[in-house]
Structures are given as structure tokens and as C-alpha cells.
Amino acid sequence: MTSFDFPPVALPEPARRLREEVRDFLAAERRRGTIMGRADSWFTGWDAGFSRRLAERGWIGMTLPKRYGGHERGALERYVVIEELLAAGAPVGAHWISDRQAGPSILRNGTERQKTRFLPEMAAGRCFFSIGMSEEHAGSDLASVRTRGERVPGGWRLTGTKKWTGGAHVNDYAIVLARTDEAAGDRHAGLSQFIVDLRAPGVRIEPIKLLSGEHTFNYFHLDGVELGEDALLGAEGDGWRQVTGELAWERSGPERFLSTLPLLVAAVRKLAGTTVTGEQQARIGRLVARLHALRQLSLGVAMALQAGQSPDVRAAVVKDLGTRFEGELVNEVRAILPAVPDPAATPGSYPELLAFALMHSPAYTLRGGTNEILRGIIARGGENRS
Amino acid sequence: MTSVFAELSTDDVVAAPADSAPGLWRAVAAALPAPEATTGELAAVARDAGYHATPGPVAETLLVARPVLTAAGLPVPDGPLSYATGDLRVSYAHPDPESRVGPFGAAGTDHTLRVSGTLHRVPWARMCSEIVVVGDAPFGPVAFLLDPGDATLRPGGNLAGEPRDTLALTDVEIPAHRVRATSRALSAETALRAALARAVLIAGAAQRCAELTIQHTATREQFGRPLRHFQAVKQEEAKLIEETALLRAAVDAAVTGLGTSRAEFTVAAAKAQASDSIAEITRIAHQLHGAIGFTELSSLRFVTTRLWSWRDEDGSEQHWSQRLGRQVLGTDADRLWPLVTATT
Numbered sequence: 001m002t003s004f005d006f007p008p009v010a011l012p013e014p015a016r017r018l019r020e021e022v023r024d025f026l027a028a029e030r031r032r033g034t035i036m037g038r039a040d041s042w043f044t045g046w047d048a049g050f051s052r053r054l055a056e057r058g059w060i061g062m063t064l065p066k067r068y069g070g071h072e073r074g075a076l077e078r079y080v081v082i083e084e085l086l087a088a089g090a091p092v093g094a095h096w097i098s099d100r101q102a103g104p105s106i107l108r109n110g111t112e113r114q115k116t117r118f119l120p121e122m123a124a125g126r127c128f129f130s131i132g133m134s135e136e137h138a139g140s141d142l143a144s145v146r147t148r149g150e151r152v153p154g155g156w157r158l159t160g161t162k163k164w165t166g167g168a169h170v171n172d173y174a175i176v177l178a179r180t181d182e183a184a185g186d187r188h189a190g191l192s193q194f195i196v197d198l199r200a201p202g203v204r205i206e207p208i209k210l211l212s213g214e215h216t217f218n219y220f221h222l223d224g225v226e227l228g229e230d231a232l233l234g235a236e237g238d239g240w241r242q243v244t245g246e247l248a249w250e251r252s253g254p255e256r257f258l259s260t261l262p263l264l265v266a267a268v269r270k271l272a273g274t275t276v277t278g279e280q281q282a283r284i285g286r287l288v289a290r291l292h293a294l295r296q297l298s299l300g301v302a303m304a305l306q307a308g309q310s311p312d313v314r315a316a317v318v319k320d321l322g323t324r325f326e327g328e329l330v331n332e333v334r335a336i337l338p339a340v341p342d343p344a345a346t347p348g349s350y351p352e353l354l355a356f357a358l359m360h361s362p363a364y365t366l367r368g369g370t371n372e373i374l375r376g377i378i379a380r381g382g383e384n385r386s
Numbered sequence: 387m388t389s390v391f392a393e394l395s396t397d398d399v400v401a402a403p404a405d406s407a408p409g410l411w412r413a414v415a416a417a418l419p420a421p422e423a424t425t426g427e428l429a430a431v432a433r434d435a436g437y438h439a440t441p442g443p444v445a446e447t448l449l450v451a452r453p454v455l456t457a458a459g460l461p462v463p464d465g466p467l468s469y470a471t472g473d474l475r476v477s478y479a480h481p482d483p484e485s486r487v488g489p490f491g492a493a494g495t496d497h498t499l500r501v502s503g504t505l506h507r508v509p510w511a512r513m514c515s516e517i518v519v520v521g522d523a524p525f526g527p528v529a530f531l532l533d534p535g536d537a538t539l540r541p542g543g544n545l546a547g548e549p550r551d552t553l554a555l556t557d558v559e560i561p562a563h564r565v566r567a568t569s570r571a572l573s574a575e576t577a578l579r580a581a582l583a584r585a586v587l588i589a590g591a592a593q594r595c596a597e598l599t600i601q602h603t604a605t606r607e608q609f610g611r612p613l614r615h616f617q618a619v620k621q622e623e624a625k626l627i628e629e630t631a632l633l634r635a636a637v638d639a640a641v642t643g644l645g646t647s648r649a650e651f652t653v654a655a656a657k658a659q660a661s662d663s664i665a666e667i668t669r670i671a672h673q674l675h676g677a678i679g680f681t682e683l684s685s686l687r688f689v690t691t692r693l694w695s696w697r698d699e700d701g702s703e704q705h706w707s708q709r710l711g712r713q714v715l716g717t718d719a720d721r722l723w724p725l726v727t728a729t730t
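Protein sequence lines correspond, in order, to chains L and F. Under the working numbering, the first residue of the first sequence carries the number 1, and numbering increases by one thereafter. Under the working numbering, the first residue of the second sequence carries the number 387, and numbering increases by one thereafter.
Chain L with its partners taken away, still in its complex shape:
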């Protein structure tokens, strides 16, 4: 069977009320001028003040236990909050990785001391994390990481260079995947994760500018960085399982199909009230139909995750379809409402938003697992079901 049987999608009543609260909050933030309505706001919208105000409302670390500063809310409530933020193009980049990945990872794998030290600060919007996984020779093939973690008296020493480390120049900590056992036979064995202070001696951050000139990515050099025993996250040698166990969360969320929605909203805003052709209506309707279907799929994965399943193949489906949609949306909007993309136009104006979304379009189908690799996972999943 190739059928994906998702449970019926229904959000609980508290989630509906929460959506209205988030919309009110966003309306207030718009009046403050903090929301640009730009595409890709989770990737490049870094605004620590916005993150702190969001945290004050209890909307960072929502699913964490209260004793670690969290709010013990369900994954679907978190889903509602983040989809509202992304659809609005709100600047959620500062806390994004902490909230989505680092926090849950520390909760699952960390020591009591690590949890009490990092989680409350994350949930308060005061502590921001990066993820140091990829390297020069380890992109899609993550098991090829060469950064070394050596045992030294009293702790560990890390040596190597991470690449594409987003936000390493502005964030506080990074979770680093390193090889701690060169002799391990299986290439997936002998990997471990560490929490590294991005201001520690021996850490050197070197920018890699995007094709738009923006500074998001970095080389993250670890020149013999000395760490205490308590820097190890999870069990020594268990890094691969820890990293891959969380991929469904990372791949199926609303950031995998909503990254460019603010551009469509901007186009519709410009068209509303004007004479619109049937062709324009149909093209917009087609995007809306696809958006709606993608959201149903993504929510289905969220519900499966909440129910304790491991919907890895379904998550890959969401990511491949959703990120292709993000790029297709940009191209469709060009046809629906032609304009010269202009990065120098007034920030937030349609030509500027178009330029921004367009210049980011190569990333959509690359990050979080290159789509060609994901399609391999999906095709294998298809065989297993047949």
C-alpha cells in the first residue's frame, strides 16, 4: 500500500483560542513596526527583542516541562503559534533553533544540570542556540563529519570546522556533532554531541555571505576548544541516533511550506480592490488549494508525532512537496502580479519582498535534508509498503 493513513486532522479547542491570541499579539507587533512580512523570516529574521516578548507570552519552549521554564502545552498548540508567526513573516530567527531543536534535544538527552541551566533561559528568550552539524565534506552525508572530540583530563577538546552554521555570529551556544571514536567500525558509531559556548576560547566565527549579501551562515572553527565533562550532550557515541531521531520534527513543520507565504499575501493585498482577471483568480486559487493540502499533510504528521509514532517517510513527503511549493509560489506570484524585483526598494514594498523571496529561493529545497536525498527515503518507504 502506498496510502498514507493520517489521522483526521482536528485541532483541540485551546488551540483555536490560542490562534486568536497570537493574531492579537501580531497586530500589536505590526503597529510597533517589527514585522516586515518578509519571506523566510525563520531563517533570517533575527530580533532578540521580539523573541523576548514572545517568550513573555509563553510562546517559546511551549512544550517543555514547567520545572524547566516551559509551559507544558501540546505539540499542536505550538504548531498553531509557529504557523501564525511564519504566515505573518514575523522575525522568529533568533530563538528558532532553540525552540525547535536544541531545547527538545537537551530535554531528551541532557543531564539534569544541563536542563536546569539552559532550558529556562531558552524559554525566556534570553539564550539562543545554533546547530553545528554540516562540514566541508559532510553535507547530506552527515556521517562523514571530521570534527574531532578528544578526551582530555577533566573533559573534552574539540577540533575542526563546521560549515553553514546559521547565526553562530549572534547566538550564544551551539550543539556540535563530533567524532569521538575514530576506530568505531560503523561510520554511524563513534559520534557524539556537545554543547559549546560560542564565546569560548578557540572558537572562531568566519562569515559566509549569502548570494544576497546577507550574513547568516558561518564557518565555525573549533581550534582545540577545551570543554568540561558537562559539555557532552547525551551518551558518548550516541550522537547519530540523537541527531536522526528528531528529523521528523524538523522536516514536517510549517516552516517547510510557509516560508514564502508572506509574498503571496503581499500580492493579494496589492490586487484586492483592483480589477482581477479570471486567470489571476485561478492562479491564486491554485496556490491556495495546494497550501491548504500541504497544511493538512503537515498537521497529519504533527498529530502522528504527538501520538508517539515515527512518521519519517511522511515527514520527508511534507518537506519535499512543501519546499518545492515555496519556490513555485515565488515564480507563480511573478506571473500573477509582475514587478521588477528590487532589493533596494522600500523595505516591505512588493518589489522588495519579491526580490527577497527570490534571492532566498535556492535554500528552500536544500536545507533540512536536500530534497533529492529525501525522495530516496520516500521511494524506499514506498517499496516497503508495497
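Worth flagging that the hints you see were computed from the coordinates, not collected in a lab. Hints should not be assumed to be uniformly reliable.
A short, non-exhaustive set of chain L residues, derived as facing chain F with CB atoms under 10 Å [said to hold, decoys possible]:
| no. | residue |
| --- | --- |
| 1 | E83 |
| 2 | R269 |
| 3 | R295 |
| 4 | L321 |
| 5 | R367 |
Chain L is nowhere near these chain F residues, computed Cβ spacing over 12 Å in every case [to be verified]:
| no. | residue |
| --- | --- |
| 6 | P419 |
| 7 | S502 |
| 8 | D522 |
| 9 | A554 |
| 10 | P561 |
| 11 | F609 |
| 12 | A636 |
| 13 | D638 |
| 14 | V714 |
| 15 | R721 |
| 16 | L725 |
Quick reminder that beta carbons are idealized off the backbone N, C-alpha and C, glycines included.
For this one, chain L is given, so just place chain F on it according to the hints.
Just chain F now, with coordinates in the frame of chain L:
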């Protein structure tokens, strides 16, 4: 769920839908769910009929005709049913000589009607015991039962050979007990139900299309290994599986949305998406099947020819996308996201 259609929908049966549908209906009728079943249960059966390319008006009867008759307060006859809307001339059969003559003529002493006009491409009309017709009478929106024997039937078919018959009505009398005054809302609901029924069939057939393709690439060998071992094949096969899952998600949402305030949006989105996905799904399925899929040597044609027809029937992707677009553009930009999220 064991399928009532699986065993009966052999290649010979599916290849000649017009000839095999009446016999097949007699075989499955008793196993079909009762009109009281939930939309979800009815849709599951209709999707299964789509999956097996089962000949006969299963989706038409279960998801459109029976519920529309019930909603209109008309009796639900046994037997296969279909539905039609069209530009008909409808007048009172028994004008009241006492009434004042208005723009629509005299009022009637009862709702017995005389109807003329053409109903185009009615699904399975030649085998149906009754057709539920939704239109306009002098007194407003109307639903009535038409015995196809009272019309002149011109046979027609779609790409898969499924009957799509044209019914010419010449001064056909419809007795009052087969007529009900209804509402604009019921006319709109009929169109939504028809689109949903078609989308549910598409979801079933699309799934079959994907499964046949996966079977083929797993067994067919070239250069000494199964096709599925080639990266290029995997990439396309994944896209096929994905697009099938996407349209299924849209259709499931519409099944849930029917009968709620979200029916209009979810059904429009489902039929728009289901129809839109077919180009990609059938392209990949045929490409990966190679020449065999293009011929009668493969069962693939049973689903792809139906998909190519069903995407246009009961509103194409263009039609439903435009309706969605009008909803989005009718107000202002800030309605777009609320429209999408109001579903759940």
C-alpha cells in the same frame, strides 16, 4: 477493510464499463452502505470504487443522489441513481385558471411540472432507475426525480468508456409527488457533493496509479536490475507518491468539511487540488511504465483514462481554483490565511 469491489472488478469488467455496470450493481447493491451512513463511511466506499475503477454510479448514488434526495424531502428509491443540473424550461402542468398571470405564467394548482430541455453528459444515465435533477421552477429552486425512460437518451462516454449520456426532455410531466421546492443552498450543495464525489474517486484511482507503478518498477528489470534501483526512477517515483498523498489529504479534509461551514472552501480546494495533481501523477505513472502502460497489456490505462476524465467532470481545476481565488480576492489579503486555517 475488505473491499466489496476488489474481486468483481476484473480487467474484463473494468474494460467495458457500460456493459458490465448493471450486472456489477446487482452483485454489490446489498453490500453498499445505507443512506444513514456517515459521509466518511460513504466516501471510503466510493474511494474504493475509484481504486478498483469499478463500473457503475457508486459515488454518484452514495455521495450525491441519495443525500440530495433526503435533503430535498424526496423518497430515496432503490437502485443506481445519478444526478443532473441544466438549463431547463419548467412550467406548471396544472395552471390555476383563477391565478393572476405573472412573468412565469399562471400559478399551478399543484407542483406537477412540465419540463423541456437537455441534460448533458449525465453519468451512467442509461442504467439508472432515477435521476435527481436540480434546477429552477416557476416557484423557485426545485429538485425532482426523473425517470430516464421519459427522456430521449443519446449515449455518450468519457475517455474510459464510462457512460455520460445526454438526456433530451420534451414536455416531460413530473408528477407532484416527485417534485420538491428546495433552496439555493441545496443547489449549491449538490454542486459541492458532485465535486466531492468526483474528488473521492480521483483519490482512489490516484492511489492505484501509484501502486501499479511501484509494482512495475519493483519487478521490471533493465540492465540487469529492477527499475526502482535507478536513482532517476526513484526520484520520479517519490514525486508520484507525494502528489498522491497531497491530493488525498485535500480530499480527506473535504470529506470532514462537508456539512459544516467549511464545505464551500474545503470542497473547492479538494477538487481543485485533485484535478490539478492528475497531470503530474499520470505523467510519472506512464513514464515509469514505459511502452507497456500505453497499451492494453497493462491495467494502468483503467485508472489513467478515468483520471483524465474525472479531473474535468464536476468542475475542472480551473473552475474550482477560480472560485477559491475569488473568495481570497473578494475581501482583502488578510483573509487568505484565515480562510486556510479556519478549517481546523
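To see whether the hints hold, each was checked on the structure:
The closest approach between the C-beta of L:E83 and any C-beta of chain F is roughly 7 Å, which is under the 10 Å cut-off, so the hint is satisfied. For L:R269, the shortest C-beta to C-beta distance to chain F is roughly 3 Å, which falls under 10 Å, so the interface hint holds. About 6 Å separates the beta-carbon of L:R295 from the nearest beta-carbon of chain F, less than 10 Å, and the hint is met. For the restraint placing L:L321 at the interface with chain F, the shortest Cβ-Cβ distance is roughly 5 Å, inside the 10 Å limit, so the hint holds.
Hint status for L:R367: violated, given a least beta-carbon distance of 18 Å to chain F, over 10 Å. The Cβ of F:P419 lies farther than 12 Å from every Cβ of chain L, with a closest approach of about 18 Å, so its non-interface assignment holds. Its beta-carbon lying about 32 Å from the closest one in chain L, F:S502 satisfies the requirement of being farther than 12 Å from that chain. In this structure F:D522 is separated from chain L by more than 12 Å, as the shortest Cβ-Cβ distance comes to about 25 Å.
Here F:A554 stays apart from chain L, with its beta-carbon at least about 31 Å from theirs, past the 12 Å limit. Under the 12 Å C-beta cut-off, the non-interface status given to F:P561 relative to chain L holds; the minimum distance is some 42 Å. Residue placement check: F:F609 keeps its beta carbon more than 12 Å from all beta carbons of chain L (closest about 18 Å). Against the 12 Å criterion, F:A636 falls within the reach of chain L, whose nearest CB is about 4 Å from its own CB.
For F:D638, the condition that its CB be more than 12 Å from all CB atoms of chain L is violated, with the nearest at approximately 7 Å. With a cut of 12 Å on Cβ distances, F:V714 falls inside the contact zone with chain L, its closest approach being about 6 Å. With a closest Cβ-Cβ approach of about 8 Å to chain L, F:R721 is found to fall inside the 12 Å limit, against its non-interface label. Residue-level check failed: F:L725 sits 7 Å from the nearest beta carbon of chain L, not beyond 12 Å.
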